[in-house]
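Novice: The chain contents come next:
2 protein chains.
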Amino acid sequence: MAYRYRKTKPDPPVSVERLARGIASGDRAALARAITLAESDRPDHFRLAQELLQRVGDRTGNTLRIGITGVPGAGKSTFIETFGMKLCALGKKVAVLAVDPSSALSKGSIMGDKTRMANLAKHPNAFIRPSATGGHLGGVHRKTRESILLCEAAGYDVILVETVGVGQNETAVRTMVDCFLLLAITGAGDELQGMKKGLMELVDIVLVHKADGDNKEKALETKKELDRIFRFLKPATEGWQVRVLPCSSLTGEGIGDVIDLVFRFERETKKSGIFAERRRKQTKDWLYSAIADQLQNAFFRDGRIREVLPETERDVMSGKLPVSAAAEKLLAIFLESRL
Amino acid sequence: MAYRYRKTKPDPPVSVERLARGIASGDRAALARAITLAESDRPDHFRLAQELLQRVGDRTGNTLRIGITGVPGAGKSTFIETFGMKLCALGKKVAVLAVDPSSALSKGSIMGDKTRMANLAKHPNAFIRPSATGGHLGGVHRKTRESILLCEAAGYDVILVETVGVGQNETAVRTMVDCFLLLAITGAGDELQGMKKGLMELVDIVLVHKADGDNKEKALETKKELDRIFRFLKPATEGWQVRVLPCSSLTGEGIGDVIDLVFRFERETKKSGIFAERRRKQTKDWLYSAIADQLQNAFFRDGRIREVLPETERDVMSGKLPVSAAAEKLLAIFLESRL
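One line per chain: the protein sequences are C and V, in this order.
Note that the working numbering numbers the first sequence so that position 99 is 977, with each residue one more than the last.
Note that the working numbering numbers the second sequence so that position 29 is 907, with each residue one more than the last.
The shape of chain C in the complex, shown without the other chains (with noise of 0.2 Å):
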């Protein structure tokens, strides 16, 4: 049955079975193929995917997934791929996704991922999903986490996703992870006002990047300066003191301690129960939340609601109708439309 696949169709018939059985034997492109599945819009792929991650449900979550974020320029690439093979090293099995589609438009993107990680890309320990190029906001976050529990049934065991820190999306990371690195460089104040607000309140560790050569004194100084500002703020994680360390992905300086610093994470909030803890409210949060999407999304493709929808919004706007009459009587044709 192979030839089907070199057929010009379109879409060659996807076999969950065999998409299942490529993960669990650590199939990379069964992997990949699992991934594009998970991210489609097409309502087959959906129901697809979902079958798919019921099957290899009980090999994920026995893993450690760290965000990692920092402005354009703050050397990300260069700091996964230095933190990634060190990981490989340590013989872990490294996934690596990105979460912006708008870094697809972003230099290092334009070069495409396996060439900004050319070494980690290559490693037998290392999976790296190119940014995905499509799709709205809200569906790459719900897909980024479907695509952890993939690489995590496919035998990887610390998943990096990467965001850029300038937007809403470190929000949304933070409900993902267990740990979440923040990439700074020197010169903190300048940068600070780049950073989006509320930022810092997201983030468990903070590495001042590229703290080598002349750079080393100012990083230095600039981790004071973050000290500082960190010990007024809420840490992210019950029981752990955000810690900001210097390090350089081109020497390699610090890099190992960013490694025991993250296990150390990783150990203690075990210990504490944090670790679980989180993840079981991750979890909930988003089956909540998918409820409340899928609700909504049912509610305003309902035909009798597209119908009376303009006009009630009329109503309201005029002030004919009270906004909570409105949507009352909005719900209860809702309701009364399906059988």
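Check before you lean on any hint, since a few could be wrong.
It does not matter which identical chain is used: a pair holds within one copy or between any two.
Stated by the list, open to error - Simulated crosslink set (DSSO-like; lysine-lysine; CA at most 30 Å straight-line): (1) Lys1112 / Lys1102; (2) Lys1149 / Lys1096; (3) Lys1198 / Lys1148; (4) Lys970 / Lys1198.
Note that these hints are calculated values from the structure, not bench results.
Fit chain V to the known structure of chain C by using the hints.
Specialist: This is chain V only, laid out in the frame that chain C set:
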């Protein structure tokens, strides 16, 4: 029939007709009773309040809605008293509403809102609604919108919505008002740390309050400091540069300027169309969030959902059931279970 209200019967029948007439004639007791009705969680009260809002809807809207926030100790009560008295002297009819249920616990409200604004409470042009002592946050917000409309229907043309500048309420208040005032005090550096992050991005006018006596000099310095900060922030209202004004409710100095500035804000935003556009957007957002709330209420109250939800949650938590599949399954049950 008046005797019926004297009996110990807990629930005298509410006449929407009579309340509507009372409100239209500017009867404060009727307005107070209408707000209580709107604040109630009882379904029959909800229906009566909506009926009432529908009847008086055409008398609402042609007003100025002003949000007032500030950390505890900034002197909000004294400011509202002084500011409100000046507005009344200009022939305006002023209504004061408080958003925070928590404020009922603060010293100010233990003393009673009418005590803390003794002169304003007695003024024939003013109406003060004591802080709600019950109700959860979300509810209070929704009720505040309806209270605003009821005050407007009763002829009040400046509505002051008071909130404490430390919680999540400011974002909600921003969605209900035309103009948002922040009461700051001197020593902005320290004070800003106590303020909710992001608050500065919500406001249109900042007052450096208690600018009197020895404090006057410091207030001017704080003004300069705040001016500098606002240069870096995106204004909350398109086309309006945030203004910082020192003033004192004790001496009355600067209060006239505040009044001028508020009406200048109204004139300019009405001219540019921002005023009307914001009102439209606020009403539309309110409708959409009311729909989302009612949808979720209907869902989680559904008998079949309550039956299957715990098991579904367990399956999701244990990884047996993917999140999106679980949400879809629940939705199918919800949409089927009604007739």
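Novice: Sort out which numbered hints this structure fails and list those numbers smallest first.
Specialist: 2
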